[in-house]
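**Student:** Got chain A sorted already, so can you dock chain B onto it with the hints?
The lines below spell out each chain.
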Amino acid sequence: MKEKLLIVGVNHRTAPVAVRERLAYADGEIVAALSRLRQRAPALTECALISTCNRVEIVGVATDSGRAIEEAIRFLATDRGVATEQFTGALYRFAGRDAARHLFRVAASLDSMVVGEPQILGQLKLAYGHAAQADTAGLVLHRAFHRAFSVAKRVRKATLIGRGSASVSAAAVRLAGQIFDSLGDKTVMLMGAGQMAELAARQLRNMGVETLLVTSRSFDHAVALARTLGGTAVPLENHRPYLKLADIVIGSLAAARPVLEAADFESILRERRYRPIFLIDLGVPRNFDARLNQLENVYLYDIDDLAAVVAESLGERAREAGKAEELVAGALASFMQWMDGLDLVPAIKDIRVSMEQLRDAELGRHRAWLAALEPAEREKIESLTRALLNKLMHRVLAGMRSAGAGSPDSAYTAEVARRLLCGDLAAEIPGARAQTAGLDLEIDLDPDGDDGDL
Amino acid sequence: MDTIWLPPALVCYALAAAGFVWGRAANRPVSSDQAVPLLGAAVLFHTLDLTVGALNAGNIPVTNFAQSLSFLAWLTAIVSFVLIVRMRMQVLGAFVAPGVLAVAGAAMMLGHRGRLVIPDSLRSAWLPVHVTLAFLGDALFVVAAGVSLAYLVYESRLKAKRPLLPAAQTTPSLEKLDRINYRLLGWGFVMLSLAIVSGAMWADATWGHFWSWEPQETWSLITWLLYAALLESRVTAGWRGRRAAALTLAVFTVLVGSFLSVSLVFPGKHGGSFG
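Heads up: the sequence lines are chains A and B, in that order.
With the first letter of the first sequence counted as 1, position 29 gets the number 29 in the working numbering; the numbers rise by one all the way through.
With the first letter of the second sequence counted as 1, position 72 gets the number 72 in the working numbering; the numbers rise by one all the way through.
None of these hints come from the bench; they were simulated from the model.
Treat the hints with caution; some may be incorrect.
[Claimed, not checked] Calculated pairs, SDA-like style, for lysine to any residue (alpha carbon to alpha carbon, straight line, at most 25 Å): (1) Lys-323(A) - Val-21(B); (2) Lys-157(A) - Pro-37(B); (3) Lys-157(A) - Val-36(B); (4) Lys-159(B) - Glu-271(A); (5) Lys-161(B) - Ala-311(A); (6) Lys-244(A) - Glu-326(A); (7) Lys-157(A) - Trp-22(B).
So that you can see chain A by itself, here it is in the shape it has in the complex (with noise of 0.2 Å):
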């Protein structure tokens, strides 16, 4: 009768990329899949579907969990295709408090592959975006989801788990951060096309970098590189009078032996009044003398310098995630408090079914001499009475809640309020309010008792 919140799927530690990209699901299709699982899966009241390169899980709300979850397992099967057995064994199924665990750690971006990386936030936003257009999503997701972003937020605002630099190309553009000011004013010079070396070019060009000159071993691929980044070719025999102008340097040139020597860098430093430059060597083998680090305001960073800097932001990554953690564990308390007090709806919707018949009742047996009545008298009865019934709810919701959501003296609270308000019950089974007045209410019943604060 409890509803829970459950998750069942499989992420990138748990299914190769082989199993994950079978059971992926194309942003298009999945308002579509997820009515398909409201019919297949009777046994969900809400679903949400997240697909994402990492990820495939359908989130659900169900009091019969287990059978929810086996439902939702079937239809995945059957919807993609995909035998069960191919994918049972990387299947990971929660339920309850440990399903919203999971949920708020997947938003905070503590589960992803990329420990902190910010797209994981807006892919949630979209399948919560998904559910509530399906209109599968209820009052339980509705909650969820908008827990989940609001934790995930937190993390972003008050842990440095977002910060440092998770792949060499951002790495690198972060080194240009620390040496230079503002990219604005500098020149970039592209030496060789790798595909590192293009990425980190694109994302210097992103930081406000407007001079790019491209240089190749074929000058023709020079010319079409330098067209799609929106740079100038460069002839690589003729590259070096355009050293003296360039601040970052970027080689991935395919050479047995360095481009650049330290010996013969000297007089370009001199050339260029000794303004810092930076040099990126992304090349193997290296295409930058490694003695060029040694020269006064020349920074040199090689393949293996720059996945240190990334291996330490990782770690730094690692730890903040402690902090997070603890962030998510508190909106886990809150959000599990809010859960149980769910608990209580259906006993409150009994009681107040029955007292609007009650007063439906009372109100049909007079019919004959409300009718009598002028309309502004009629109208002020229906008023009266119905103020009656809402001061009375009131009271018993009062009361229910005192006794402390989600304790079992809330769940017994409850029962015995909804037996002795819901006349009808008692009407129909003749014996029924005798068998209502026998339980021990006087020893339990006492609002103001020891529990109260429970």
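**Tutor:** Coordinates of chain B only, in the frame set by chain A:
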């Protein structure tokens, strides 16, 4: 000249210095942010202290070594506070605030040593002008030395492939540190030049000659030449970055030497005898 305002100023300097250093060492930018208003409070208390001192003395309160230290610490704190707030250079606090604390602390410890009365012959409008220019120049050089120290620390980390990446948003770039160093040196040089000129004019008005080769004058000329050479090397030879930072520190040690020796070892007109 102790007033009740110096101890609270010192407490605030100490807390600010601790905040800046801890923020830097433990990579906690929040701690540095909290130190900024503390430094501001310290400057306020210190200003009250100097104001009361000036009212008592009837002129700028720089009549002995302790007061000179206090005045220098105050100007240095103001210059760093402005830089920290305007240029968002919290990092600078870690390199300058401990120095300010030490100098202001020394000023308080030495505070009771005999105060001198300014002879009537020197009670002139030139006194505050000349003294403020000279000390402002010194304060700018102190902060420039702090910036250079920060430059050398960050530069060596970058060279050693151990950059401070996670807190990169709060760490100024080398280019920015170098530029600020250059500007501080420039303004310090202007102040020093004006101090020398105003001193010469004052001397001419009082004693009838511009220059008498007394120790402070000689040392001022030496430091003036050194700073001129430092600025010149940047403009003509393009000496910047690490070399400029190292030279700034080297010239600064000469400045400290001249300040101490003139005040304590060869007191001429400036050192306190006011002959």
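**Student:** Compare the structure with the hints numbered earlier in the document and write down the numbers of the violated ones, lowest to highest.
**Tutor:** 6
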